[in-house]
Amino acid sequence: MMSNSIKVMAPIPGVFYRRPSPDEDVYVNEGDEVKEGDIIGLVEVMKSFHELKAEASGVIDAFKVEDEGMLEAGQEIAVINQK
Amino acid sequence: MTRYEYGGDEFIFVELSEEMTLQANFKAKAITEELRKRDLTGIVDICPGNASYMIRFMPEDIHPDELIELLKQLEEEVSWKEMTIQSRIVDVPIFFDDPWTHEVLMRFRDNHQDPESTDLDYAARINGYDSKEELIKAMTDAPYLVSMIGFVPGLPWCYQMVPQDRQIEVPKYVRPRTFTPERAFGFGGAFAVIYPVEGAGGYQLFGTAAAPIFENEQKNKDFKDEITFPRQGDIFRYRSITREEYDEIREKVEAGQFEYLIKDFSYKPQDVLEDPDAFSEDVIRRLYK
Amino acid sequence: MIKVIQPGLQTTVQDLGRIGHYEVGMPPSGAMDTYALKVSNLLVGNDEDAAGLEITYMGPKLKFEADTLIAITGGEIPPKINDEPAGMWETLSVKAGDVLSFDFVKSGARAYLAVQGGIDVPEIMGSRSTYTLIGIGGLEGRALKEDDELKIASDKNVNVKAGRKIDEDLIPKYSKEHDIRVVMGLCSYRLTEESKDEFLSTEWQVTPDANRVGYRFKGAKMDFVEREQPFGAGSDPSNVTDQGYPIGSIQIPGGIEPIALLNDAVTGGGYVTVATIISTDLDRMAQVKSGEKVKFVAVDIEESLKARKEMKDKLDEIRKQLA
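Taken in sequence, the protein lines are chains V, W and P.
Each step along the first sequence adds one to the number in UniProt numbering, with nothing skipped, and position 6 is 6.
Each step along the second sequence adds one to the number in UniProt numbering, with nothing skipped, and position 7 is 7.
Each step along the third sequence adds one to the number in UniProt numbering, with nothing skipped, and position 186 is 186.
The set of hints was computed from the structure by calculation and includes no laboratory data.
Glycine included, every Cβ here is placed at the ideal spot set by N, Cα and C.
There may be inaccurate statements among the hints.
[Said to hold, decoys possible] Examples of chain V residues lying across from chain P (beta carbon under 8 Å, computed):
1. Ile-6
2. Met-9
3. Pro-11
4. Glu-44
5. Val-45
6. His-50
7. Glu-72
8. Ala-73
[Unchecked claim] Pair by pair, the computed Cβ-Cβ distance ranges are:
9. Glu-123/P with Glu-51/V: 51 to 59 Å
10. Arg-319/P with Asp-32/V: 55 to 63 Å
11. Glu-116/W with Asp-223/P: 28 to 36 Å
12. Gly-69/V with Glu-123/P: 41 to 49 Å
13. Gly-69/V with Arg-107/W: 25 to 33 Å
14. Glu-66/V with Pro-115/W: 28 to 36 Å
15. Thr-2/W with Asp-169/P: 43 to 51 Å
16. Ala-323/P with Gly-256/W: 25 to 33 Å
Construct the entire structure; sequences and hints are all you get.
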């Protein structure tokens, strides 16, 4: 079966968060299935939070950025393997 | 020694004194008013400060060095002690130890120098008062000079007109709060302030002003001409009020029927400097007569 | 009319600012990159101070309901009209029903969109600029939201045609490392000589706390000359008696993490200020992103005036090219 991987890129620079707030669980883990439009993380910049959404349905193959790491605009954040 | 400093190519900043004094404040007022009268081309903003002032200008119209020369000359020439200040005495009702600032100051306890205390108890203790009630009495007994406006639109820095040994002085929060409620009455250094809108802030929180000092909708009388109320040189008397009076004032404000108690008043700096206590008594008598 | 399909991260209406009210604590607001806004206006035949949109990091998606001319300048956030790539720094024609959208930011941080006639929002204290902190100016005093509708003004405008461009060498290039020129001063007497040197030699990193109010930096700890704190200043060595902050001034609360104050700045306060960014380089500050590096380069007042003159000449040259 062919699988197609989609890269999730940072649309804006900022701090990457994998969880909605410090004491909550991560949105998704590596290996989890996501649907298009699901939130997979947040980018904080200018005191506001921007939701990162899965651009396709599939399985999260890997996160390329640490939780709470600095992001540059256009940087690869995660890879989704489409089925 | 006065310091004349460039603030980039569009500002001149003049520090008349490192410490806050009424003398420096009156001098800054005298110089900036004289500059305003001259109505020079290229002057964009004239901002009198607490013990300093700042001018924004267009260097195409006036070279910064030429402006500095002029300001030095004005500093020599102005007879600030004898100038007449056209002022307003204003009754400013404050609900001290109110539930709203209390909730916020408890929430930001970790940002404070004394997490075990409250802002009022802490300030009373370090200023040598036995109770917060005594501190509130001292803060409301004598009126304040609105010595500078800024930070955000309309915020008045207020300096109490008492001899320096009776000035209340408190530190700012160790780490600023990310939230301060609208109309919070705060104290930092030797200055009392009212926060016009909610936002970040580092002053000790003592209470909430019942009436606005900033009103975007301009529905109450004192905001018909401008969205901000305080003017530099005003004299504010902070008056401690009960929850009942607070609620009454809030109702009036909401209905657009609030009006500050204001008395027009003119005075000379020497009146304050020679006998601050007599000056304060006179101000309060005129306000409520 | 322009319909907002998606607002972008922070898109606001800005002109050249609310000037002359600093005394009551009213910051100027206005376009952070004035050069880019002016050029975009000139490209569509507007007066250079007409209101346009300031687009930050991530562009909006806008639908035009009438034929008009537009121009996009500033940071490279590549525009697309009906999903086809469109040029920046040139006069573009759009038809009723066309949709303008943007790709990810490539360089710089803020793009400017001018529309023939200017954006029509009420003037507050002489300006249409948005100041979100107190909710005045722009569209209801806030950044754009989904489903907003922007009216087009018919401000003074000369007739121009699509396809106009300016010379390549008049288009700024934005890198990830920035030399920002400052005039040292204000209360720099509070810094030790070592810290003054270090302030200028440090490569400061812009933190995520960077917006229209100010940019916060990380990089070094600054030390202050020891003194007994003056009366009224407050107890921290970085406190001064509360005073005015020039636009572009750099303050250092607690000696850590300097903050450069920008268009929506707080106008005064009790933290020591040590330098001021020169006016031409405020435009360049507007194109600095969180995470990028900034070095402050000290210049004297004459150099700052020379830079200012060069900027004026550049704009004169553009006016000539577009005339």
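Status of the hints after comparison with the structure:
1. Ile-6: 15 Å, violated
2. Met-9: With a minimum Cβ separation of about 7 Å from chain P (threshold 8 Å), the hint on Met-9/V holds.
3. Pro-11: 5 Å, holds
4. Glu-44: 6 Å, holds
5. Val-45: 5 Å, holds
6. His-50: 6 Å, holds
7. Glu-72: The hint holds - Glu-72/V has a Cβ within 8 Å of chain P, the shortest such distance being about 6 Å.
8. Ala-73: Check passed: Cβ of Ala-73/V comes within 5 Å of chain P, closer than 8 Å.
9. Glu-123/P with Glu-51/V: 51 to 59 Å: Hint violated: Cβ distance 35 Å, outside 51 to 59 Å.
10. Arg-319/P with Asp-32/V: 55 to 63 Å: Cβ of Arg-319/P to Cβ of Asp-32/V: about 57 Å, so the range 55 to 63 Å holds.
11. Glu-116/W with Asp-223/P: 28 to 36 Å: The hint (28 to 36 Å, Cβ to Cβ) holds, given that Glu-116/W and Asp-223/P are roughly 31 Å apart.
12. Gly-69/V with Glu-123/P: 41 to 49 Å: 44 Å, holds
13. Gly-69/V with Arg-107/W: 25 to 33 Å: Holds, at about 29 Å.
14. Glu-66/V with Pro-115/W: 28 to 36 Å: Hint holds: Cβ distance 32 Å, inside 28 to 36 Å.
15. Thr-2/W with Asp-169/P: 43 to 51 Å: 45 Å, holds
16. Ala-323/P with Gly-256/W: 25 to 33 Å: 52 Å, violated
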